[in-house]
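Trainee: When you get a sec, could you build the whole thing from the sequences and use the hints?
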Amino acid sequence: MKAEHKLILLLIILSSFLFCISVFAQKPDSYSEKIVMNENGSAKIAWKFTIEEANVNELLFPWNFSVKNLANIKFSLYKIGKSKTNTDSLIQFSVAYNPSIVDRDGIKFLSLKIDQAEQNKIWQIEFTIKDFIEFPENNAEEFGNYSVKYRYINTSFSQIKNFESTLVLPAGYVIVSVDETIPKQTEDNPVSPYQLGVTDVQNSITLKVQNMKLGEHAFVKMNVKREAKSYLVFFIFGAAGFLYLFFFRDLVTQKNGKENGISDKTKN
Amino acid sequence: MSVNTASGLAKQNNIQQENNGENIEDLLDLDKHKLSVIPQKKSTPSERWMKYLGVPIAIAVFLYLYYMPAPAGLTASGQTVIAAFCFALILWVTESIPTHVTSLLLMVILVFFNGWGMKNVLGVLGFDVIWLNVLAFILSSLLVKTNIAKRIALNLIVKFGNKALPMLLAFLVLQLALAPLIPATAARTVITLPIMLIVASIYGSTSDNPNNFGRNLFLQNLFGINIFSSGFMTGSTANIIAVSFIFSMANTKVYYTDWMFANLPVVIIAMLIAWYIGPKFFFKITQKESKPAVKGGIEVMKKQLDAMGKMSFNEKKGAVIFGIVIFLWVTDRFHQSMFGFQIDPVMAAMVGGIITLLPKVGLLKWNECDIPWHLMLFSAGAYAGGLALNDTGAAKWAVQNLFTLINLDKNINFWVVYIVIISVMMYSHLVFTSKTMRTIILIPFTIALAQELGINPLALALPAAFTIDWVIGLPISAKPNVILFTTGQYSVLDNLKYGFIMATIGIILLVVAGFTWFRILGITP
Chain X
1 MKAEHKLILL LIILSSFLFC ISVFAQKPDS YSEKIVMNEN GSAKIAWKFT
51 IEEANVNELL FPWNFSVKNL ANIKFSLYKI GKSKTNTDSL IQFSVAYNPS
101 IVDRDGIKFL SLKIDQAEQN KIWQIEFTIK DFIEFPENNA EEFGNYSVKY
151 RYINTSFSQI KNFESTLVLP AGYVIVSVDE TIPKQTEDNP VSPYQLGVTD
201 VQNSITLKVQ NMKLGEHAFV KMNVKREAKS YLVFFIFGAA GFLYLFFFRD
251 LVTQKNGKEN GISDKTKN
Chain B
1 MSVNTASGLA KQNNIQQENN GENIEDLLDL DKHKLSVIPQ KKSTPSERWM
51 KYLGVPIAIA VFLYLYYMPA PAGLTASGQT VIAAFCFALI LWVTESIPTH
101 VTSLLLMVIL VFFNGWGMKN VLGVLGFDVI WLNVLAFILS SLLVKTNIAK
151 RIALNLIVKF GNKALPMLLA FLVLQLALAP LIPATAARTV ITLPIMLIVA
201 SIYGSTSDNP NNFGRNLFLQ NLFGINIFSS GFMTGSTANI IAVSFIFSMA
251 NTKVYYTDWM FANLPVVIIA MLIAWYIGPK FFFKITQKES KPAVKGGIEV
301 MKKQLDAMGK MSFNEKKGAV IFGIVIFLWV TDRFHQSMFG FQIDPVMAAM
351 VGGIITLLPK VGLLKWNECD IPWHLMLFSA GAYAGGLALN DTGAAKWAVQ
401 NLFTLINLDK NINFWVVYIV IISVMMYSHL VFTSKTMRTI ILIPFTIALA
451 QELGINPLAL ALPAAFTIDW VIGLPISAKP NVILFTTGQY SVLDNLKYGF
501 IMATIGIILL VVAGFTWFRI LGITP
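Keeping their order, the protein sequence lines are chains X and B.
In terms of the working numbering, the first sequence opens at residue 1 and continues consecutively.
In terms of the working numbering, the second sequence opens at residue 1 and continues consecutively.
Don't take every hint at face value.
Heads up, simulated SDA-like pairs for lysine to any residue below, C-alpha to C-alpha not over 20 angstroms straight-line [claimed, not checked]: (1) B:K360 x B:M350; (2) X:K221 x B:K316; (3) X:K108 x X:I45; (4) X:K184 x B:S248; (5) B:K316 x B:L357; (6) B:K119 x X:G144; (7) X:K221 x B:G73; (8) B:K497 x B:V424; (9) X:K229 x B:M350; (10) B:K365 x B:S36; (11) B:K119 x X:Y146.
Everything labelled a hint here was simulated from the structure, so no lab data went into it.
Fair warning: this is a prediction, and the values are worked out from it, not measured in the lab.
Mentor: Listed below in structure tokens is the structure:
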């Protein structure tokens, strides 16, 4: 590539970057989301965030859900106030902020119209989407496991200082295994990116990422299943224990030290 | 032959040994005590009771842990793995069923109950530790067949006299000398294993009839190989990772000599204690066992050594083959500049194995290799259980819960925190099979805790790092343990009780050092 071509390309990239900066001129301080899954596959999602700076009247948040019919989604928008713990004074503002899904260069965002004066508040958006995950019986894999994947991509230029995503399983479900996460736990990054816990009596997993930049993502792939266990195992093991005690009683009843060859022995 | 007759014969042999000792040719002929043949052992009444109760207890524990509601923070597979591992551990300790069968059972339970995937479980048989085990026994067979091991063993006995304690001490000195030269603990095990086998045999301890000399010899070498690694910063990769954490998270540089001056004296004292208390308290060496079980005593062995004459061509050839392997182990840090690639200790052993088995060039035919496959299966199953504990997060969960239970807060005394950290670090090797994983999880946690409590991170993290290589409690705790267990010279219970007490002594020593030696060096306040 010639030098002038490189220069033109650089200018294009720089101008796009500057354009984007003007569009996404917001700086989220913290962003947390709670996704409560239901057994019918739907999920109730709550986003909570604070905005440090906002130079425009529109807030754009990466929209990572593959929802076919956006009209079905009802948003509830709350402004909580400055105190993060002051959840009693939730005030609904669903109409005033006009939340909508917008498409910018093929990337979907949730758009909120705001006043500049209202930055530094804690915001909460709640909505429910269908088909977050498929839980029908015929979708289960071995051992009744369901594979659940969730990815959050930061498609905005704004860096998210503290990102937190909590996935809450349907009631009666447990996490079998966490197969993959992004970020990964490595020697350079020894802190585990996820934490298992219980949220409102239901099992959950929380992913945490700090300073999430453009294009970075948080990802989890896990297996979940219903907690119920078959009691057949209990009876088989119990019966095996009793049978052992009966058939191997000669181990302790014979006094001359004779054994029936159950240990590391070979009969010749 | 019936078991009755067999045990009768064994008893007769023992009596004969007691009276006369055995011919040295018989003792040194390891073909008569092949590791690949499952030995017959006689149990005491208490051992028979343990065997009888082992299965029902293991089942009860498994069912309780498996059916209890999943604790918060633990995955369902983690819960299953803990239940299965405890089940297997009870069976290994009580030996209700053969250890290798228990391992196979553990593998099946892990897969059937969704604890760990089948590919993972079966894949363990291809792990480097299993390969190293196989290659170790090929190289060991080489040294035995060419009489190199016999020559070294006889030299050791003639030089160090014919008493058990000096002989055990000689091995510890050997392990101490090898530790800074060969960082790979498994490689050190492979080098010394054939000599251990011959010396144990001379003292009348074989896999089919192990005695307390053998137990002391193999377990003390297990301790020596692992614990001496903690005397040197380069003793294991995990030590270096710990030092890099201390540097990156606490901004404190620990130099090779800092580490060595601080911990080597502790390690040497620990090993001297192990050397003393083993034969005196744990596995008391009787008068009979304290001398070589050779008819005619040390004079016969001197004669035997003289009779061996100069090194034969095959001995020299065997020494060259083994020398190549040792050379590759010792020079590992120069491989990149020498060859342009790095040679792992397992690959170095494989090179030696290939030369050993090459027609005309080598010295062994496959049928002459004495490989205890049943114990490879034990190792694979046991390792699968240990790895599953790591992989499912169960080990991490157990340790984190322990810390939560202890509830360390800001007003707590430094020494309480110090003792808790050292103890958790030390005993955590019983649930972690990977030193690296243990280091990655616990050392950053220790540094973060120290920073939160306003303590100098070095004061906690460095002594905690000194415990990383104390992996001595179970046959699956580290690669040398796996290899040495396959000799059949001691049981899981022998390893557990001696190892657990030594780990406790290690904690006491590190606490005493914290009060005194580490203070002088400026590590602890």
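Trainee: Now look at each hint and say whether the structure bears it out.
Mentor: Against the structure, the hints:
{"no.": "1", "hint": "B:K360 x B:M350", "result": "holds (18 angstroms)"}
{"no.": "2", "hint": "X:K221 x B:K316", "result": "violated (57 angstroms)"}
{"no.": "3", "hint": "X:K108 x X:I45", "result": "holds (17 angstroms)"}
{"no.": "4", "hint": "X:K184 x B:S248", "result": "holds (18 angstroms)"}
{"no.": "5", "hint": "B:K316 x B:L357", "result": "holds (16 angstroms)"}
{"no.": "6", "hint": "B:K119 x X:G144", "result": "holds (18 angstroms)"}
{"no.": "7", "hint": "X:K221 x B:G73", "result": "holds (17 angstroms)"}
{"no.": "8", "hint": "B:K497 x B:V424", "result": "holds (18 angstroms)"}
{"no.": "9", "hint": "X:K229 x B:M350", "result": "violated (46 angstroms)"}
{"no.": "10", "hint": "B:K365 x B:S36", "result": "holds (16 angstroms)"}
{"no.": "11", "hint": "B:K119 x X:Y146", "result": "holds (19 angstroms)"}
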